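Asks: Listed below are the residues making up each chain.
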Amino acid sequence: MKTKSFIKTTIVALTAYAVAFAFAVPYLHMLTTATKPDDELFMMPSLYLPTDWQWNNFVETFDNAPIATYLKNSVIIALAATFIVLLVALPAAYYVARFRFKGRVIFLLLVLVTQMLSPVALVVGIYREVVSLGLVNTYLSLILVNAAFNLAFAIWIMAGFFSSIPSEIEDAAFIDGCTRFMALRKITIPLALPGIATALIFTFIAAWNEFVIALTLSSTVDTRPLTVGINTFIGQYQVQWNYLFAAAVISIIPVVILFGSIQKWLVSGLTAGSIK
Amino acid sequence: MSNLKIRPDGKFRKPPLGPLPWIAPALILIFTWVGWPAFEMVRTSFREVSRSGLILGYVGFQNYVELLARPELPSIFIRTAFWVLSIVFFTAVISLPLASLLNQKFPGLTVVRWFIILPWAASVFSTALTFRWMLNAFYGFFNTVLIDLKILQEPIDWLGYPNVAMAWMVAVAVFVSLPFTSFVLLAGLQTIPNEIREAAQVDGSSSWRTYWKIVFPLLRPALLVALVINLINVFNNFPVIWVMTQGGPGNSTDVTTTFMYKLAFRLQEMGQSAALATFNFIIIFMFILLFLRVSGWRQQNEN
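Top line first, the protein sequences correspond to chains A and B. Reading the first sequence from the start, the letters are residues 1 to 276 in the working numbering. Reading the second sequence from the start, the letters are residues 1 to 303 in the working numbering.
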């Protein structure tokens, strides 16, 4: 019986490692392409691994294209969108978690619809609005669109955490003379911190990875984030895939690490609270 | 935190000013950046817009008539249906065993989960870009592997033939959909108590039979929710096709979203693009209604 379960675990584990490797292949390929020297890039048949690993490509890509500017733009847009989501989603999530009020279900439905619409569904309308407001090629338009489309997830996940905190704890704080804001700051928010962090990290990643809106609304280097910046490599006469993927690897590493830290909570927020 | 049902307890004393100070910022953000664009889009679909973006007046349904008269449109609709349904189907078929695999105990489980998350965490854009390079006719990884394995004699220009390109793009879209769907299913599996499975096995049920007779029916709500969300995501998916073929050669791999984008920003047909977008919008709305049904969302949030 024991050997049987040992064999079973071994088979399961080996299958899982093979699947994990298959999932990693495109990203490993990205890494090996990024580290190839120019002359090994266009070899037929192609090399699986570079014979001469050029780790320097990760530095040289910055000279080859305005990667530093793109990175700065991505950081500014993603951080600002995250900050707005925090300011806007937190009070809304707290209120819907704690109180019934007229129009509550309609508000939640509105939030749900926002979550299900992606920016690409509205890109024509967003573009026309941004043009009429004179906000083409500005951080502000990208920040606000990213904040608006990630608001829903943040409200779901934070509200889920707030409603899991018994209101009696806050009641006790009121009896001790706390105002609502003090109770929120000292008790509720610290207890809901994993939910708040998840919402913020998710918003940051989504804004960091956003492509369509940035492609449409930023036509100059000054406001273009990294995704669209990498895309402009392709318009060149001969695509320098090694520098391109060096930039892509740089853009992926921080978000993969952040993503791993919140994966535990993601499902509940993304299914609009319908799956525990 | 296991309970995500947002259910207020009601007896709690309310702040004096009512809900508005708390939810107004969210409402403003939603109305200005989701509501207004939606309104603007529908309105544009009934107007004539010049190439430079000037509004030339209302034209009724003319944009819709011109859009429907486009010869490429029927095949784009059929392709979109094929695209969405095949991705959702294959994602479900692969996610079910994948979720069961992730629900087993074995050394290195956490590391395996990290790898499976990769296509979810990395931008769809960069994943699609990698596949485009791997499928390159001359320098691509896939041709090298297949020739080394003696499966191919000659390299193939995978993205040069519409049907082959479409099949690869479906594969890439399935690949990026797998982590989310299998994690939702995994969450569903983890709510099924082990005792139920053990009881079935004590009664002599084979593991295959236990899965289909007991686990799968219990997993169905999670599966349905995952499928509908995936459906909406795939319908909204733009980067895979845009990065890999831009809908080409010609319009041979366009779906409604990429064609809508081309109409607006390549062909400068804002009105027709808005008409197609409005049509897409209606379809997404129907998907949302489907989501509300399969998820039991109202019952959870109304009481």
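Please note: incorrect hints may appear among the correct ones.
Stated by the list, open to error - Straight-line distance between alpha carbons at most 27 Å, and here's what the computed DSS-like set of lysine-lysine pairs gives:
#1 B:K150 with A:K4
#2 B:K105 with B:K213
#3 A:K8 with B:K262
#4 B:K105 with A:K264
#5 B:K150 with A:K8
#6 A:K4 with B:K105
#7 A:K264 with A:K186
It should be emphasised that the hints constitute simulated quantities derived from the structure, not laboratory data. Because the structure is a prediction, the values reported are computed rather than measured.
Asks: Look at each hint and say if it fits the structure.
Replies: Consistency of the hints with the structure:
1. With a C-alpha separation of about 37 Å, the suggested pair K150 (chain B) and K4 (chain A) falls outside the 27 Å cut-off, and the hint is violated.
2. For the hint pairing K105 (chain B) with K213 (chain B), the CA-to-CA distance comes to about 22 Å; that is within 27 Å, so the pair holds.
3. Restraint check for K8 (chain A) and K262 (chain B): the C-alpha separation of about 52 Å exceeds 27 Å, so the hint is violated.
4. The hinted pair formed by K105 (chain B) and K264 (chain A) meets the criterion: a straight-line CA distance of about 17 Å does not exceed 27 Å.
5. Between K150 (chain B) and K8 (chain A), the direct Cα distance comes to roughly 33 Å. Violation of the 27 Å bound is thereby established for this hinted pair.
6. For a cut-off of 27 Å, the pair hint linking K4 (chain A) to K105 (chain B) stands: about 15 Å separates their Cα positions.
7. Between K264 (chain A) and K186 (chain A) the alpha-carbon distance is near 25 Å, which keeps this suggested pair within the 27 Å criterion.
Against the hints set out earlier in the document, violations occur for numbers 1, 3 and 5.
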